Each structure stands twice: as C-alpha cells, then as structure tokens.
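Student: Residues per chain are reported as follows:
Protein chains: 4
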Amino acid sequence: MVIVIQCADKVGLVATIAMLLQNQELNIVSMREHVDTVQNRFFARVEISKNVDATILEKQLKEVLPTDAEVIVNPNPLKKVVVLVTKEYHCLSDLLIRNHFNTLGATVLAVIGNHSTLQDICNRFDMPFHLISHEGKAKDDFEIELIAKINLYTPDYIVLAKFMRILSPTFVERYPLRLINIHHSFLPAFIGANPYRQAYERGVKLIGATAHFVTNQLDEGPIIAQQIISVNHSFTTADMVKSGKEIETSVLAKALQLVFDDKVLVHQNKTVVFE
Amino acid sequence: MVIVIQCADKVGLVATIAMLLQNQELNIVSMREHVDTVQNRFFARVEISKNVDATILEKQLKEVLPTDAEVIVNPNPLKKVVVLVTKEYHCLSDLLIRNHFNTLGATVLAVIGNHSTLQDICNRFDMPFHLISHEGKAKDDFEIELIAKINLYTPDYIVLAKFMRILSPTFVERYPLRLINIHHSFLPAFIGANPYRQAYERGVKLIGATAHFVTNQLDEGPIIAQQIISVNHSFTTADMVKSGKEIETSVLAKALQLVFDDKVLVHQNKTVVFE
Amino acid sequence: MVIVIQCADKVGLVATIAMLLQNQELNIVSMREHVDTVQNRFFARVEISKNVDATILEKQLKEVLPTDAEVIVNPNPLKKVVVLVTKEYHCLSDLLIRNHFNTLGATVLAVIGNHSTLQDICNRFDMPFHLISHEGKAKDDFEIELIAKINLYTPDYIVLAKFMRILSPTFVERYPLRLINIHHSFLPAFIGANPYRQAYERGVKLIGATAHFVTNQLDEGPIIAQQIISVNHSFTTADMVKSGKEIETSVLAKALQLVFDDKVLVHQNKTVVFE
Amino acid sequence: MVIVIQCADKVGLVATIAMLLQNQELNIVSMREHVDTVQNRFFARVEISKNVDATILEKQLKEVLPTDAEVIVNPNPLKKVVVLVTKEYHCLSDLLIRNHFNTLGATVLAVIGNHSTLQDICNRFDMPFHLISHEGKAKDDFEIELIAKINLYTPDYIVLAKFMRILSPTFVERYPLRLINIHHSFLPAFIGANPYRQAYERGVKLIGATAHFVTNQLDEGPIIAQQIISVNHSFTTADMVKSGKEIETSVLAKALQLVFDDKVLVHQNKTVVFE
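Residue numbers (this note's numbering), protein chains in the order written: chain A, 1 to 275; chain B, 1 to 275; chain C, 1 to 275; chain D, 1 to 275.
Hints listed in this document are in silico derivations from the structure and should not be mistaken for laboratory results.
Take the hints with a grain of salt, since some may be wrong.
Remember, identical chains collapse to one label, so a pair may be satisfied in a single copy or spanning two.
[Unchecked claim] For lysine-lysine, the following DSS-like pairs were computed, each having C-alpha atoms within a straight-line distance of at most 30 Å:
hint	residue 1	residue 2
1	K242	K50
2	K245	K50
3	K10	K242
4	K80	K270
5	K149	K245
6	K62	K50
7	K139	K80
8	K10	K87
9	K80	K149
10	K50	K10
Keep in mind the model is a prediction, meaning the values are calculated, not measured.
Isolated chain A, as found in the complex (with noise of 0.2 Å):
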C-alpha cells in the first residue's frame, strides 16, 4: 500500500508519518523523502506491507499533518484510464499489449479517436473505441462530446497517446493532473509543429521525446520522463520519425508506469519522481 504525501516544510513531518505507522503495526517497506528548499516544500512516498482502509489512513494522516497537508492513500488496485488517439498507432499499441496482458499497472477502459484510423487495433483486443471527429464542429462542441464520452468511464487518468488536437483550457481544467502527454520532442527543445523536420534541419545528433502532464502552458505541463535516441547524418527527415516513434512509445510507458505506480508528485510546474 502506497502513501504520498506535501505540504509545506517543517521539523519533525517524518516523524509524525512514521508515528502513526508504528502505532497500527504497520511496517515501512519503503520510504523515499524529499524536501525542495527553495520551495520549503515536503514530499514523501511511503510503501507499507499491510493493506488497511485507505480512508481511514488518510483522515488519520491528515489529523497529524499541517492543514495544507495533501495526502492520498492508494485506495485502487488499479487505476482507470481513457485513452486519446488520432492516427498514429505505436503509443496506442503498445499500451493496448500491456493492457491485455495486465502489465500496464492499469486499466484501458477505452479509447476514443478523432479519426477512426484505430479502431481496427482496439477491435482486435476487444477495446472500446469511440469515433468523435472534430470535423465541421467548434472546438467547444467537440470538446463537449469529448467530456460526455469521457466521464462516462470516471478515468482516474486521461492519456493523450498521440492526440493532435490542442484543448482548451476550460477541458484541461477539468482534469487537473490527470491528462498525460506524450510530446515529439526533447522538451523545450522543438516546440511547435514538425519537431523532426525542425530537427533535421538543426543537424542534431540526438532527438528526443517527453512525456508530461497536460496543463494550460502548451507543452509546459510538469515533465514526467524524458529520454533520447542517437540520430545522425544519415537520418532523413522519416527517419528520425520513426525513430522518435520508437522513442516515445518507450518514454511514454515508462511515464505511465511512474504515475500508475504513485511515484510521481506534482507542484507548481515541476514533479518529484520517486524512481
């Protein structure tokens, strides 16, 4: 069972924790602690053997802690996700594999595209796919039928698995930490449209991918995981493509596996990632 845990700073929040662990008999497995002092800010993870009602820990937490205090008892087995595609299907495969083989750490309950380019691949495993185009519709409107589609699963998280639609703030604001990206670029690197093309011609030798959550600053959201990949002289303009694909179906997994796993804790504009 997992614990995490921020609040402001201040001497003895260990303690407390561990106080009231102890005192239930419950044995930490694992801790990780971390204080930004910059931000004066306290953020912990803690893993412990027992599983025990996670409501109740987390009023008992919240009595000790400082009122700022944000605390969340891992109260699911597994968490429920959406996905949101277009055409592209490398991030949607492979997240479709995982989830049929029950090693995603979640839950796909179901996909829904803008384009109906993959429903063929959820077909094959059985995965609910749902066309909203935005053609011929205000941004509100689709976003509307988005929403309506959406929360008919209450996801616990919503990801952006090669969306190519920018949403709004009023949709993103919605899903406070909840919408995950994955963006074709070493972020900040190459923001905007042709990343690879822009790559291609910067002549880089590496390129790389990112995987974030969604907030209003576009590709700004707090940073997840980041890798990269060699590229050379050789690369054209398709190469690097189809190397950046294998680069972002491969971060993007990995960043879902942090989130899924409650090793990931946001403020403001950047994560704690307890790897």
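Fit chains B, C and D to the given chain A structure using the hints.
Tutor: This is chains B, C and D only, laid out in the frame that chain A set:
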C-alpha cells in the same frame, strides 16, 4: 550532515529515528529508506540540515535502535584517500584534477605506485608519490611495505586506480569495505586477464567497467557502479582498450562520488546505493 | 537496392565494384566498406538509387570479383519470417504490431509455439499459429515436426522470440545465419539458466540483452545488437525480469531491423554491422 | 592516411576515386560515403593503408573530380591546437591530461585566457599560457590581441573550452570551420544565458551539452556531437551545473577526437560525421 543506518528490520525503525531527530529540532532534508525483504534488512540514509556532534548523535541513535544496528554519523568534512596505481594514467589523472580543484568530495593524501611511471604526473600536482616496487619481493613482504606506507596516512579509503597486483586475503582483510577497485569489464563478463581481447574476439557491441569494493573473492566484491560504452566491428583491441579507459575513468569517478557522499551501504555481497 | 559483398581483401576491390556500377549508370547513394586487417577480409554494403535485375547484377559482380567473393544483391522487397515462441508475450507482441502496421521491414508468415499460450494473440492479428508441443517426444522428432512446418513457409529468417527449447546441431545447421535469437543477458555474462536471478544475487547495476545469430555453440553465435538498462538495489528478481523484458523487446526489434535492412554481414563468429 | 572529399553528387564519383587509388596500388582500409539526396551532395572519407605525398595526391584527385570538389588529404600527423578559456577548469584540464599523455590526437600549443585563473594548471603541464584580458578594452581591440597571439601558433583548430566571451563576426570569419565550441546545453534547448537555471526551473529530467563549430549565428553552428545525462528533482541548480560539467568535458573530448581523426565533414549548417 548525513546519518547512515542498517540493521535487521522491524516495525517502527523510521519512527524511532525520526522522533530522536525531531526531539533535537533537527530537520530531515532528505530521507532514503530501503528494506531488503529477502534478507529482512533495514537500510536508511538521512540528511539533516544542521551539523551536531557526530559522536553524541551516533551514541544516542545506537541507544534507541536494535543492538545489531550499524550507525554512522558522517564525522568527516572530507574523506581521506590513498591511491594505488601501476602504470596507467587515466584514472589517476582524473582523480588528481578533481582533487586539485576540490571537487572530488575527498582529499587524496598520497599515491603509491609499484612502478615509477606515474611519479611525474603526481609531482606536477605536488602530490606525494611513493614507489614500492613488487619486484624481487615475496608478496607478503611487498604488502607489508604497502601497509606500512598506507597506514602513515590513516586513510578512510584506498582506491585501486588501475593497480595491477592481486592483493592477498591478509591485505584485503585489513581494510574491509575501504578498498575500492575499478575493474576493466562489465562484471561478471570477461573476468580475468585481457578482457578487451576477450571482448574483441567475442565481437561484443558494448563494453563496460565496474567499480566495486574489494573482498577476498577476486572480482566478486560488492558492485558500486557500472557503465557501458558502445563499440562496433571497426574497433581493434587497441580501440576497445581506449574506449575502456574512458569508461573506467568515468565509472570510478561516479562510484567514488557516491561513496564519499555516504550514499553506499553494504550488506554481505551487495550494495544499497541511495543515488 | 542494396548490394552486400565480402571476400578476402586485395587492392582495387572498391574500384572494381564502383566501375561496374558506373558502367551501368547506377548511382551510389551510400557506401560502407570495412577491412578487417586481422582477418584480411573485405566487407562492403552499397546502396544504389535504381532497382535493376538482382540475379544479373549478382552474376556480373561475381565475374569481376575474386572467386571466393560472397555477393548478395537484395532480391526481396520484404524478407519472409517465421517466429518461434514458447509462453512469453513481449517480443512476439512487438513483432506482431510492427508486422501488422507494415513497419517491421519483413513479413511474418507464421508463428510456431511449443505451448498454446500465445495462440490467442496471434489469432487477434489473423496470424497463423501452429502448436507443436515438445512434450512426450524425442528431441529429434520434435525438430522434424518443426522443420516440416517451417519449411512450408520457405522463410528467409527464423526468429526465436523467447523460444525456450535448445535446438540440436542438426537443426541449427539447416539454417545457417538464418536463426536469430534474443538472449536474456548481456552476453557473455550470466550464460545459462535464470540470468536475472544470477544478476540479482550478484547485485549488478545494469542488466542487458543480446540478439545474436544461433550457431552450435550455445549462446555463442555472432552478436548483432546489445543493449542495457539500469537497475538498482530496490529491484527484486521479478523487477529485473520485468526490466529485462523491456530491453529484450527493444534489442530484438533493433537487431531485426538491421538484419532486414541487409546491414549485418557475418564472418566466422563476428558481425560487421553497417549501422 | 585519410582522404576527405565533398562535391555535388553525380554518377561514378566512387569509381573515379577508387580507380585513382588502385592505379597507385593504394589499398582502401575503410571507406565511408554518404549522399545527401536533399542537397544532392556527395561526401566521402577514405582511409588508405600507405602514406604518400599528400599534396600530389590531392592535386591528382582534384584533376579527376568535379571542379567544385573540396579535397583534403590529411597532411598532418597531428593537428595543432590553441585553446581559449575563461575560468572553468574542467574541459581544459581534460585536454591538458590527454595532450600530456599523447592521446588527444592533436598537439595543444598554447592556452589563452581572458582571466588568469587557469594559468596555474597550465604551468603544471609546462603549457604556455597567455593572459589577454578583455577588461577596459573595446571588443575589436581585445580580438585583435587574441588574433595576433593565436596566429603566432598557426593552429589548425581553436578550441573554446568554456571561453565565455562572445566573438564578433570579424573574428569568426577569420577561422571558418576551425573554431570549436562546447555549449552548455542540449541545443537548441536553453539557448542563451544560465541554461542550468532554465533547466532547473523547467524541471527537466535530462540535461545535455553540444560541441559545435562556431559560425556567426550564435549557438547555431554545425553540431558535431551531443550527449545527455540524467538529472532528477533532487538536483539543485548547482548540482545541474556539476553534472553539466561532466557531460561538457565528455562531449568536447569526443567531438575533438572526431574532428582530429578527420571524421567530420561540414556542408552549410550541418555535419556529416563518419563515426
């Protein structure tokens, strides 16, 4: 200030430690805790924001912890180090540079070589160099000379920076967990002589290096750090040796940094590295 | 169009090849040449911009090159592949996805399993799956069945995607340099069974995987690609297995891409990889 | 002996080069050829096993190649280098060590600093150090002094090893493709001042460094090599600077090795690196 603790695991250890620190108004800046559930062993590293009397705090912690607990409160601003070398310059030079510019996290007090090759580079940094040749001597006699010279400096650690003599069990037992070696392979591959020739003949695509504590099992001591570097068919054995030197230099530097920052705990033949 | 050549080295080989191509107005888009000066062996890979009759060009090249020259002019738009599996899904699923979306650089014609575990995932991709159990059969008889089934498809390559039976010399000799295996370790470390348990017990900080051609020296065939992934003290054997699967999937995909792009030449027990 | 050629592409260039070498009984040990089909540009690097008169061979090649061909037959056993520095020791020290032990692949003739900080480390290696302060001088006058001092040594390359002054177009144009800089970021991310502070504030998980030729587009010259290193939430800006120094040292060393081995060809704003 850093506190490092290990002992058999039981409920309440974190609370015990945290309470003691809280009672002294010591703020925990960083806490890493790990329980090896196979060995039922508790490991912790705690960084506190204030410096207090190390001996007293160590005593206080031992009083409240199980009797088998190993407690180290970092008493040294800088670890003291003696380096043993033979003829290869790359690791030693890197240590001399870092030592010279005070970024090693330790103080190199002297270098001992069984050849005079590296005397000159030591002289350039005003570093005492002692030549203790092994030639024409029984191993015992050679090691008695080594020990006498080393002990003059009462070092915390002895770094074997490409020291090419095999040390006897008697020698090794004198410095338990204080001897750090850089091994020219991705252990446990290519144990023994000429690892790069072996690597060349096997046609590997990666070569590695391993920094480890020395125990009496040759090349079998607890591993601190490992890194690899890509090679390909165009590499001759000499090219592999050259690449190997780069990676040896880098991995030894990294391992020493971890050790000097008190981030490496050892139990039996394995390390816990709170990176 | 790709031309791959190897032979004993002598002066003028590049000129001979280039002249022949020039006389046919064939433009060289990319040329990689390597001479192994230890073995006195010439290796070349030439990409030309136009497609011509492969059989004729191969014949023409052989006429002007030394008699021992091995010349392959890539005659296949896509290599044909049969995959052998046991129970583990990760490598096979990745190949099925890439095959399904036409990005494998080859065509998977069928999967043969010695267990039925992976029948379902094959069915989902309309991929022929043949169950050939080894149970209650002499090894010879099992392999005769395998060979009969494989040969129905006349594959260019047979990929052992976590196929957990050791193949006999008779079997291996039938498919020289056409059997590709993914080995669950950073060869030559941890040869044999339970590599991840061995890695766990040794306390390594990196684990690896190796894709190689199969020869009759178990785990000793020419290495095509190797990759590693970081692990640490918090990894259980099960965690190492999980990380190992990620790296196995990745390194097999990379090796196959290199082989299918005719970038891998083999001489004796080593590869030349024109990456 | 190394031959480096670039020109507009046409059929038969490889044959032309190879025939000329064959006629002189020169054996090609290694050949790398690349055609940039977007730019229609031919690049080649040929290693031959014998040393001949470079000027004559260069002339012979130019006679048979297109008139626009740039041909360099490596005439120098060792490139001559002048290093420019400010106050940071890490890159310079690494170059001094490699130079001292004759493994740099070049000869450092002198170091010029705009501060005296690094005079001492140069003295220790008997390396001429010239202090040319920029203080109280117009940029033009400062650069005139620099140029006068540099030109005394007629260097092949000028390495900016953390030289923190921006050079004027006039200066840069004097040394086309002969100025090599190490840039403290994964270009094109974090262009400009304080990249590590920017990286810290953005909460990135990787930081990088870029070695590149200097052109008049600040931080925009052709990239030679890039590397990255992992960072995490526990890194302060100072920690990022420290990690950055490790990667800067490493990537500059790698880039210089490639340049000194004549493996880097430049066309417009991109490099072809025959690694």
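Student: Against each hint, give a clear statement of whether it holds in the structure.
Tutor: Status of the hints after comparison with the structure:
1. K242 <-> K50: Result: close only across copies, 23 Å inter versus 45 Å intra.
2. K245 <-> K50: between (40 Å within a copy, 28 Å between copies)
3. K10 <-> K242: The answer is between: 29 Å across copies meets 30 Å, while 49 Å in one copy does not.
4. K80 <-> K270: Close inside one copy (24 Å), not across copies (38 Å); limit 30 Å.
5. K149 <-> K245: Result: close within a single copy only, 28 Å intra versus 35 Å inter.
6. K62 <-> K50: Intra 20 Å, inter 28 Å, cutoff 30 Å: intra and inter.
7. K139 <-> K80: The answer is within: 26 Å in one copy meets 30 Å, while 46 Å across copies does not.
8. K10 <-> K87: Answer is neither; intra-copy 49 Å and inter-copy 39 Å both fail.
9. K80 <-> K149: Only inside one copy: K80 and K149 sit 14 Å apart there, 43 Å across copies, limit 30 Å.
10. K50 <-> K10: both (28 Å within a copy, 14 Å between copies)
Comparing the model with each earlier hint shows a violation of hint 8 alone; every other hint is respected.
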